[in-house]
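Participant: The chain contents come next:
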Amino acid sequence: MNLAWTLRRGRRGLKRRTARTLGWVGAFALLGFLLGGARLCAERARTVSAHVGGAVHVIAYLREDMDGARAAALQQLVMRVPGVEKTEFVDSAEALRRLRAATKELATAAGLLESIEAGFLPRSIEITLSPDASFNDDGRRLADRIAAIPGVSEVDSMAAGVMRLRALAGLLRSLGWALLGLALITGGVVLGIALGRDRRERVQRDAVLELLGETRVAIVWPRMLATGAVAVVGALVATGLLYLGFGWVDASLQSLTNAALASQAHAGAGFLSPLDFAIGTLFLVVLGLGLGLLFSPREQLRHA
Amino acid sequence: MSSNTDEVLRLEEVTCVRRDKVVLDRVSLSVRAGDWVVIEGARGSGKSLLLSVAAAAIAPRRGAVLIGGRNWMDLQASSVPFVRRNIGYLPAEPVLIEHETALENVVLPLAVRGVPVAAALARAEIELQRMGLQELAHEPVSALSPSERRLVAIARALIGAPVVIVLDEPAGGLDGDDRQLIVEAIGVARAAGAAVLCGSADAAFVSLLQSQGAERLTLAGGRLNGGAPRMVVVEGERDDSVPSPILKEVSEELLDDADIEAVIP
Numbered sequence: 029m030n031l032a033w034t035l036r037r038g039r040r041g042l043k044r045r046t047a048r049t050l051g052w053v054g055a056f057a058l059l060g061f062l063l064g065g066a067r068l069c070a071e072r073a074r075t076v077s078a079h080v081g082g083a084v085h086v087i088a089y090l091r092e093d094m095d096g097a098r099a100a101a102l103q104q105l106v107m108r109v110p111g112v113e114k115t116e117f118v119d120s121a122e123a124l125r126r127l128r129a130a131t132k133e134l135a136t137a138a139g140l141l142e143s144i145e146a147g148f149l150p151r152s153i154e155i156t157l158s159p160d161a162s163f164n165d166d167g168r169r170l171a172d173r174i175a176a177i178p179g180v181s182e183v184d185s186m187a188a189g190v191m192r193l194r195a196l197a198g199l200l201r202s203l204g205w206a207l208l209g210l211a212l213i214t215g216g217v218v219l220g221i222a223l224g225r226d227r228r229e230r231v232q233r234d235a236v237l238e239l240l241g242e243t244r245v246a247i248v249w250p251r252m253l254a255t256g257a258v259a260v261v262g263a264l265v266a267t268g269l270l271y272l273g274f275g276w277v278d279a280s281l282q283s284l285t286n287a288a289l290a291s292q293a294h295a296g297a298g299f300l301s302p303l304d305f306a307i308g309t310l311f312l313v314v315l316g317l318g319l320g321l322l323f324s325p326r327e328q329l330r331h332a
Numbered sequence: 032m033s034s035n036t037d038e039v040l041r042l043e044e045v046t047c048v049r050r051d052k053v054v055l056d057r058v059s060l061s062v063r064a065g066d067w068v069v070i071e072g073a074r075g076s077g078k079s080l081l082l083s084v085a086a087a088a089i090a091p092r093r094g095a096v097l098i099g100g101r102n103w104m105d106l107q108a109s110s111v112p113f114v115r116r117n118i119g120y121l122p123a124e125p126v127l128i129e130h131e132t133a134l135e136n137v138v139l140p141l142a143v144r145g146v147p148v149a150a151a152l153a154r155a156e157i158e159l160q161r162m163g164l165q166e167l168a169h170e171p172v173s174a175l176s177p178s179e180r181r182l183v184a185i186a187r188a189l190i191g192a193p194v195v196i197v198l199d200e201p202a203g204g205l206d207g208d209d210r211q212l213i214v215e216a217i218g219v220a221r222a223a224g225a226a227v228l229c230g231s232a233d234a235a236f237v238s239l240l241q242s243q244g245a246e247r248l249t250l251a252g253g254r255l256n257g258g259a260p261r262m263v264v265v266e267g268e269r270d271d272s273v274p275s276p277i278l279k280e281v282s283e284e285l286l287d288d289a290d291i292e293a294v295i296p
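From first to last, the protein sequence lines stand for chains A and B. Going by this note's numbering, the letters in the first sequence line up with residues 29 to 332, in that order. Going by this note's numbering, the letters in the second sequence line up with residues 32 to 296, in that order.
Accuracy of the hints is not assured; some may be wrong.
To be verified - One-sided excerpt, in silico: chain B residues whose CB lies under 10 Å from chain A:
{"no.": "1", "residue": "I89"}
{"no.": "2", "residue": "A123"}
{"no.": "3", "residue": "L127"}
{"no.": "4", "residue": "L141"}
Don't read these hints as lab results, they were simulated from the structure. Just so we're clear, the structure is a prediction, and the values are computed from it rather than from any experiment. Virtual Cβ for every residue (Gly too), placed ideally from N, Cα, C.
Please construct the entire structure, taking both the sequences and the accompanying hints into account.
Facilitator: What follows is the structure in C-alpha cells.
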C-alpha cells in the first residue's frame with residue numbers, strides 16, 4: 029500500500045474512530061503529565077534541598093562595643109563548634125545593603141531606609157550548619173551556647189524555617205514518587221487497553237491484508253506511524269497542561285508550607301528543560317511505536 | 032505434464048496431511064489463462080485445502096505449486112505476498128474488515144497493489160454494481176447480511192482481474208439470482224484473462240457452472256478425477272494480446288520490487 033492509500037485509510041480511520049483516537053491522545057497526555065509532574069517535583073525537591081544545605085541556620089548579633097579583633101576571635105571559636113559548616117561575618121554596612129536589597133520592591137520602605145545610617149544595624153555572624161546536623165536540636169543547642177558568650181547580644185535560630193524547608197522537600201519527593209507510580213499504572217492501563225480492546229480488530233485487519241498480499245512492513249509501519257503521532261500529540265498536550273499548571277502548584281506548595289524560605293527556594297526554579305521535554309517525548313513515542321508493533325503479523329507460512 | 036506458455040497455475044504431486052491423515056494425495060492440476068475449473072467434492076474431501084494451496088495461503092507437505100511457472104514455496108517468506116497479489120482468493124469463510132464499508136473492503140486488493148485511489152474506487156464501485164450491491168457500498172460490512180457479505184468478498188476476489196481467481200464455495204448461502212450474478216461476474220474476469228478455480232459441494236451450482244463452460248473435476252479420497260482441464264476460449268471477449276492492466280503494469284512492478292520473477296504468463 030503506497031503513501032496515498034495509507035494516508036487515505038488513516039484519515040478515514042481517524043474520522044470513524046474520533047472518540048477512540050482522542051482517548052488514546054488523552055491516555056498519552058495523562059502519562060506525559062504524570063511523568064512531567066514527577067520530574068518537576070524531583071527538580072523542586074532538589075532546589076529546596078540545596079537551599080536547606082546552603083542556608084544560614086543561626087545568626088549571632090554582636091554587641092556594639094565588641095571590637096573587630098574580638099569579633100574575629102568569636103568567629104574562630106564558633107567554627108570549632110561541632111556541627112558548624114561555615115561562618116560569615118556581616119558588618120553594619122553589609123547588613124544595611126542587604127536590607128535595602130530585600131526591600132527594594134517596596135516603594136514606601138525604600139523611603140524609610142534612606143534615613144538609616146550605616147552603623148545603625150548590628151554586626152552579626154551568620155552560621156551554616158553541616159548537612160548531617162540535626163537542625164532542630166543542634167541549631168537550638170548552638171544558639172544557647174553562643175548566646176552565653178560575652179559580646180553576643182542576641183541569637184536568632186532559624187531552625188523552624190529550615191525544618192519547614194526540609195518538610196517541603198520531603199513532600200515534593202513523596203509527590204514525585206506518587207506521580208511516578210501513577211504514571212506506571214497509567215502506562216499499564218494503556219497497554220491493557222491495547223491488548224484487549226483493539227486486538228480483535230487489529231488481528232482481523234491484518235489477516236485480510238495478508239490474504240490480499242500486503243507485506244508485513246506495509247501492515248506495520250502505518251500503525252506505528254499512527255501510534256507515534258498520537259504519542260507526540262499527547263506529549264504536547266501534557267507539556268501545555270504542565271506549563272499552565274506548574275505555577276499554581278508551586279504557589280500552593282509555598283502556601284501549604286507557609287515558609288518565607290520556601291519562596292526563596294522556589295525563586296530560581298524553572299519549567300522543564302528542553303532536554304526533559306525531549307526525553308519525555310521520546311519515551312512516549314517509543315511506547316507508542318511499541319504498541320504499534322503489538323500483534324503484528326510475522327512472515328511465516330502455514331503448512332498442511 | 033507438459034509445460035504451456037498459457038499455464039498460470041500448476042500443482043505437481045501436492046500432498047497435504049491433516050491430523051496424521053492424508054487429505055490430498057499427490058494431486059496434480061494445470062490451469063491456463065482463461066480456464067474455468069470447478070472442483071466438486073463432498074464435505075471434508077479436501078477442496079478447501081486444495082484451493083488454499085492453490086491460492087498460496089497454505090504450503091503443502093510435499094509437491095510443488097507453480098504460479099506463473101515458479102514454485103511459490105521456493106520463495107522467501109517476505110516475497111510470498113507479492114505472489115498473493117496476483118491471486119483473487121475467496122476462502123470458505125470469508126474474512127472482511129467488519130468496521131469498514133463494503134466499498135473499502137472491495138477496493139483493498141487494488142490499494143495493496145498501489146493502483147491510484149480514484150481509479151481503484153471507480154473499479155470497486157463497478158464491481159459492487161456487478162454484484163447488485165451499489166446501494167450498500169457505503170454501509171459498514173458489520174451491518175450486512177451473510178449473503179451480502181459473501182457477495183462483497185467475491186467482489187473483492189474478482190476486482191482488478193487477477194491472474195488466478197480461487198473461489199471456495201462462492202454460492203454458499205446465496206439464492207438463484209445471486210448465483211447468476213456470480214457466474215456473470217466470473218465470466219467478465221475470464222474475459223480479462225483470469226484463470227478461475229472454483230470449489231463447491233453444491234451439485235446444482237456445479238451444474239450451473241458446467242452449463243456456462245466450466246470444466247468439472249471431482250475430488251475424492253484425496254485424488255482429483257476428471258483429467259487436466261483444457262483451455263476454454265470465451266468467444267469474442269478474450270484478447271490475449273492485450274493483458275489486463277493489473278497483469279502487466281502493476282504486478283510486474285511489484286514483483287520487480289520484491290526481486291522475484293514475474294508470475295505473469
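Participant: Confirm or reject each hint.
Facilitator: Here's how the hints hold up against the structure:
1. I89: holds (5 Å)
2. A123: Status violated, d = 13 Å.
3. L127: holds (7 Å)
4. L141: Result: holds, 9 Å to nearest chain A Cβ.
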